[in-house]
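Just need the whole structure built from these sequences, with the hints factored in.
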Amino acid sequence: MFGQLIVSGLAVGACYALLALAMVIIYKTSEVLNFAQGEMAMISTFIAFTLLDTYHVPFPYAFAITFLFAILLAVFFEMVFLRQAKDPTVLGLIIITLGFEMMLMGFVGWKWGPDQRSLPFPVSNIETYNFSGMIISKINFWTIIVSLILMFILFLFFRYTKMGIAMRATQQNQLAARVMGIRTKRIFSFTWALSSMVGTVAGMLIAALGVLDPPMMMDPLLKGFASGVLGGMTSLPGAALGGALLGIIENLFGGYVSLSFKSVVAFAIIVLMLCIKPSGLLAKHYVKKV
Amino acid sequence: MVKKNLFGVGLLAFIFFISAPASAAVRGVTDTEILIGQWGPQTGPAAPWGAVARGTDLLVKMINDEGGIHGRKIKYYLRDDSYMPAKTKAIAKEFVEQIGVFAVVGGVGVATGMTARDYLMENKVPWCGPVTGVYEWITPIQKYLFAIYPLYDDEAFNLTGYLYEKLGYKKIAMFYQNDDYGKQGVMGVERYLLKHKIKLVEKVSAEVTDRDLSTHALKLKNSGAEAVIMWTMPTHAALILAETAKIGFKPQWATSNTLSDSALMMGITKGLWAGMINSFFGELPDSNHPLMVKYREAHKKYAPQERWGVFYYAGIIFAEPFFEGLRRAGRNLTPETWISAMETLKNWQGIGPPITYGPPKTPMDRQGGKHVFYGKVRPDGTIERLTDWIQITK
Amino acid sequence: MLKVKNIETLYGLIMAIRGVSLEVQEKQIVSILGANGAGKTTILKTIMGLLEDQPDKGTIEFMEKRIDGKDAEEIVHLGISYVPEGREVFPELSVDENLKMGAYTRRDKRGVKEDYERVITHFPILLQRKDQWAGTLSGGEQQMLAIGRALMARPKLLMLDEPSLGLSPLLVKEIFGIIKTINQEGTTILLVEQNAKMALKISDYAFVLESGRIVSANVPSILLQDEDVKEFYLGIRSEESAKGYQRWKRKKRWR
Numbered sequence: 001m002f003g004q005l006i007v008s009g010l011a012v013g014a015c016y017a018l019l020a021l022a023m024v025i026i027y028k029t030s031e032v033l034n035f036a037q038g039e040m041a042m043i044s045t046f047i048a049f050t051l052l053d054t055y056h057v058p059f060p061y062a063f064a065i066t067f068l069f070a071i072l073l074a075v076f077f078e079m080v081f082l083r084q085a086k087d088p089t090v091l092g093l094i095i096i097t098l099g100f101e102m103m104l105m106g107f108v109g110w111k112w113g114p115d116q117r118s119l120p121f122p123v124s125n126i127e128t129y130n131f132s133g134m135i136i137s138k139i140n141f142w143t144i145i146v147s148l149i150l151m152f153i154l155f156l157f158f159r160y161t162k163m164g165i166a167m168r169a170t171q172q173n174q175l176a177a178r179v180m181g182i183r184t185k186r187i188f189s190f191t192w193a194l195s196s197m198v199g200t201v202a203g204m205l206i207a208a209l210g211v212l213d214p215p216m217m218m219d220p221l222l223k224g225f226a227s228g229v230l231g232g233m234t235s236l237p238g239a240a241l242g243g244a245l246l247g248i249i250e251n252l253f254g255g256y257v258s259l260s261f262k263s264v265v266a267f268a269i270i271v272l273m274l275c276i277k278p279s280g281l282l283a284k285h286y287v288k289k290v
Numbered sequence: 001m002v003k004k005n006l007f008g009v010g011l012l013a014f015i016f017f018i019s020a021p022a023s024a025a026v027r028g029v030t031d032t033e034i035l036i037g038q039w040g041p042q043t044g045p046a047a048p049w050g051a052v053a054r055g056t057d058l059l060v061k062m063i064n065d066e067g068g069i070h071g072r073k074i075k076y077y078l079r080d081d082s083y084m085p086a087k088t089k090a091i092a093k094e095f096v097e098q099i100g101v102f103a104v105v106g107g108v109g110v111a112t113g114m115t116a117r118d119y120l121m122e123n124k125v126p127w128c129g130p131v132t133g134v135y136e137w138i139t140p141i142q143k144y145l146f147a148i149y150p151l152y153d154d155e156a157f158n159l160t161g162y163l164y165e166k167l168g169y170k171k172i173a174m175f176y177q178n179d180d181y182g183k184q185g186v187m188g189v190e191r192y193l194l195k196h197k198i199k200l201v202e203k204v205s206a207e208v209t210d211r212d213l214s215t216h217a218l219k220l221k222n223s224g225a226e227a228v229i230m231w232t233m234p235t236h237a238a239l240i241l242a243e244t245a246k247i248g249f250k251p252q253w254a255t256s257n258t259l260s261d262s263a264l265m266m267g268i269t270k271g272l273w274a275g276m277i278n279s280f281f282g283e284l285p286d287s288n289h290p291l292m293v294k295y296r297e298a299h300k301k302y303a304p305q306e307r308w309g310v311f312y313y314a315g316i317i318f319a320e321p322f323f324e325g326l327r328r329a330g331r332n333l334t335p336e337t338w339i340s341a342m343e344t345l346k347n348w349q350g351i352g353p354p355i356t357y358g359p360p361k362t363p364m365d366r367q368g369g370k371h372v373f374y375g376k377v378r379p380d381g382t383i384e385r386l387t388d389w390i391q392i393t394k
Numbered sequence: 001m002l003k004v005k006n007i008e009t010l011y012g013l014i015m016a017i018r019g020v021s022l023e024v025q026e027k028q029i030v031s032i033l034g035a036n037g038a039g040k041t042t043i044l045k046t047i048m049g050l051l052e053d054q055p056d057k058g059t060i061e062f063m064e065k066r067i068d069g070k071d072a073e074e075i076v077h078l079g080i081s082y083v084p085e086g087r088e089v090f091p092e093l094s095v096d097e098n099l100k101m102g103a104y105t106r107r108d109k110r111g112v113k114e115d116y117e118r119v120i121t122h123f124p125i126l127l128q129r130k131d132q133w134a135g136t137l138s139g140g141e142q143q144m145l146a147i148g149r150a151l152m153a154r155p156k157l158l159m160l161d162e163p164s165l166g167l168s169p170l171l172v173k174e175i176f177g178i179i180k181t182i183n184q185e186g187t188t189i190l191l192v193e194q195n196a197k198m199a200l201k202i203s204d205y206a207f208v209l210e211s212g213r214i215v216s217a218n219v220p221s222i223l224l225q226d227e228d229v230k231e232f233y234l235g236i237r238s239e240e241s242a243k244g245y246q247r248w249k250r251k252k253r254w255r
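Protein chains in written order, with my numbering: chain Y, 1 to 290; chain L, 1 to 394; chain A, 1 to 255.
If you are wondering where the hints come from, they were derived from the structure by calculation, not from laboratory data. Only a predicted model underlies this, so the values are computations on that prediction, with no experimental measurement involved. The hints are all genuine.
DEER-style ranges, computed between Cβ atoms:
#1 A:Arg-66 <-> Y:Lys-111: 43 to 51 Å
#2 Y:Lys-138 <-> L:Pro-85: 37 to 45 Å
#3 Y:Tyr-256 <-> L:Lys-124: 48 to 56 Å
#4 L:Asp-286 <-> Y:Thr-54: 20 to 28 Å
#5 Y:Phe-107 <-> L:Met-187: 35 to 43 Å
#6 A:Gly-139 <-> Y:Met-103: 46 to 54 Å
#7 Y:Lys-111 <-> A:Ser-138: 57 to 65 Å
#8 L:Lys-124 <-> Y:Ile-6: 58 to 66 Å
#9 A:Tyr-11 <-> Y:Phe-107: 37 to 45 Å
#10 Y:Pro-58 <-> L:Leu-291: 39 to 47 Å
As a list, the in silico PhoX-like pairs of lysine-lysine whose alpha-carbon atoms are at most 20 Å apart:
#11 Y:Lys-138 <-> L:Lys-270
#12 L:Lys-250 <-> L:Lys-170
#13 L:Lys-124 <-> L:Lys-143
#14 A:Lys-5 <-> A:Lys-65
#15 A:Lys-180 <-> A:Lys-27
#16 A:Lys-197 <-> A:Lys-173
#17 L:Lys-171 <-> L:Lys-203
#18 Y:Lys-185 <-> A:Lys-70
#19 L:Lys-199 <-> L:Lys-219
#20 Y:Lys-162 <-> A:Lys-113
#21 L:Lys-250 <-> Y:Lys-138
#22 Y:Lys-162 <-> A:Lys-130
#23 A:Lys-130 <-> A:Lys-100
#24 A:Lys-109 <-> Y:Lys-162
#25 L:Lys-93 <-> L:Lys-124
#26 L:Lys-219 <-> L:Lys-250
#27 L:Lys-199 <-> L:Lys-183
#28 A:Lys-27 <-> A:Lys-201
#29 Y:Lys-162 <-> A:Lys-100
#30 L:Lys-219 <-> L:Lys-183
#31 A:Lys-65 <-> A:Lys-156
Below, a sample of chain A positions facing chain Y; criterion: calculated Cβ distance under 8 Å:
#32 Glu-88
#33 Pro-91
#34 Glu-97
#35 Thr-105
Ideal placement from N, C-alpha and C gives every residue a C-beta, glycine not left out.
So this is what it looks like as structure tokens:
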């Protein structure tokens, strides 16, 4: 029981972690909490569904097209909505993302209808692997693996590539970044695109784990946000750790304490963290000069 | 001064009282039309149930094409409440105060309907067939409210009996949604088991927003249950089947008629739905019942874009008795004549359960549907009918 | 090399620069002196293209090319680097990454490597600190990093904004020594300073700015004789005048 709870906690935690990463990427650059994150991932997953289910596109191609769509959607949103905001405050921008969330929700409801569907996925969601007695379902296993790989790629990207360093530089000091000749506007668009891609992977995994329908991202996004708060909204490793921790804590709480209050754990963690360590577990606090 | 005012008010009241019968207008009824309304979630998380309200529209179109009822066409107003009670209340007010409907038909949801119930009753608006099987529609008993949906409590009670006595499952667990709907299911299951002095081996609930049910599945598995009754939404049903399959737990599943759309369920569970024991409140989608044949043809003609699913034609099931009442009430239509007509329905049947009403003495006189039947889902998604209509409510 | 003609810069509705013209010759060190709020930084930011839609009027030419209205990226590419006031290093990037960002617009890997070596010879301390977060460096080290970072773009013109700000006199001396060396290696320098004494010591030419206008311009040796410059920038007071009102008038002119 304990082992199973940990394993499935890790799998769902991996999805939370990806969503938390997606949110943190944007939050770090612009201090905007993107409430449309879940719906952006959801609509991309619906695109994948249409390609796979209606047009029978092979999975790798469908995946690539979906990624492209996710990028275009994010860049479109950043350029058409956020950038046009006159004298934006952070709160104003957050509200714009909320509005976009509603638009996407409405659009998906109109285009695909409200019925639940199942996303054709190369990994079965009921078959299992048996690692010398330790049983883990294929989808859980691959969710964890894919998330780890993606996190590792993100780590390498931010650590070693010029673009990645430039993104961090822009986050830390926009004026200096412009002085270096970094096109900060382009960096913002790119930030959104990257975040949307990460979110889309999470969306597809979540749909593959369960069912695909318009409200599918509501709960995971909340948990992703809680993971971000837990690990630190400004720290990528923090978000990853927060997701894994939240998944496991939730499952252990559900397994040994109370199932009916399992979904409250995330809220409790948000409140607790904001009281004890608002910056999160891993965020190194650099105090901004005024 | 005070006296004068009182006199004025008295005069106004007097004029009002004598003029009311003189105009003789019945709200929502004209020489040529009868206005009716229904709310249903067309957007939001409960949107799959919104098909009910669109199914009613199909029946309305059929009736109007046949010339209406006693020379009057039906005018049908469908409003989206997104499953939000506050919106439902506003829609009820719109129906009564702005549109002026004769009656409300159907309406998905307990919490949503409850915000509108008292308002509709105070305004003497007939309401036929709320699309949920809870006690709230018949207790306290309402003159203007006619329930159709078989009661969840009795349905769960009877389904448990079917599993326990007919199929011989002694270790039964329950998986339910933590709200009114799920709780009334639990109530029925526990009521039955209490009678036989046994307990549920496990009782697991999920919140409406939950998306991760792995722990729930583990708990069910560890209970060692032979059969699990589920009282949830489609999403949770699919999630729990996948999670239990992952950990190799394969009990006999059984569920309420709210999950009887097997085409949908087979799709989202990737075939895991096969073997499910299901109760039904209406004819099966491919039934040869003459009315079903007629409705399927109308569906092809008027609304080919809709999927012929259980939720969709449930919109017909919950409206049929209402229109039968209109037919029996005759040309002189008022809420009172309609009610008297409804009370003459005795074992009247369309494609739903047999309907019986009576003058309101006990709550059961306003509970029209008292029957369900059982079926088992075949691997291809069609239903093997196991029983005939069974009376679940005495 | 750099020709600024009659530029006017607006901050919202406030005109911060009111018709400034100045010229920087190749290989020179040119200083802009002036009190706090005179508009020195604004001039540099205008040249750098950091202020959107500015200058409002006037032209800026660099190497015979109009650069007013271009954005910072192009201007960096053309060969101007800017060390902003207050250093503005990237606090949570390592020293090495900060330097790497300095060469952001460059594609020639070998050249970048050469320049890295050059920066390290100017500021050996940066090599010791190369994996440390820039935010953890001392003020002097941060200033060195900021200058080094600007040099990584291999600029033809290096613009420095208050490099002495908040540094000890000893460090100021060191920094200015290095600025002089950089200039001798062939980089033209435009320097904005409040520490006029230090600035004039290394400059070939200097402008005095007051309320967004150039009020005086000359070679240091002549400016050093100017009564006002002496009094308000070098802290050399002429004797207490009996005519107090005259002092007041002068003060007004400079404030």
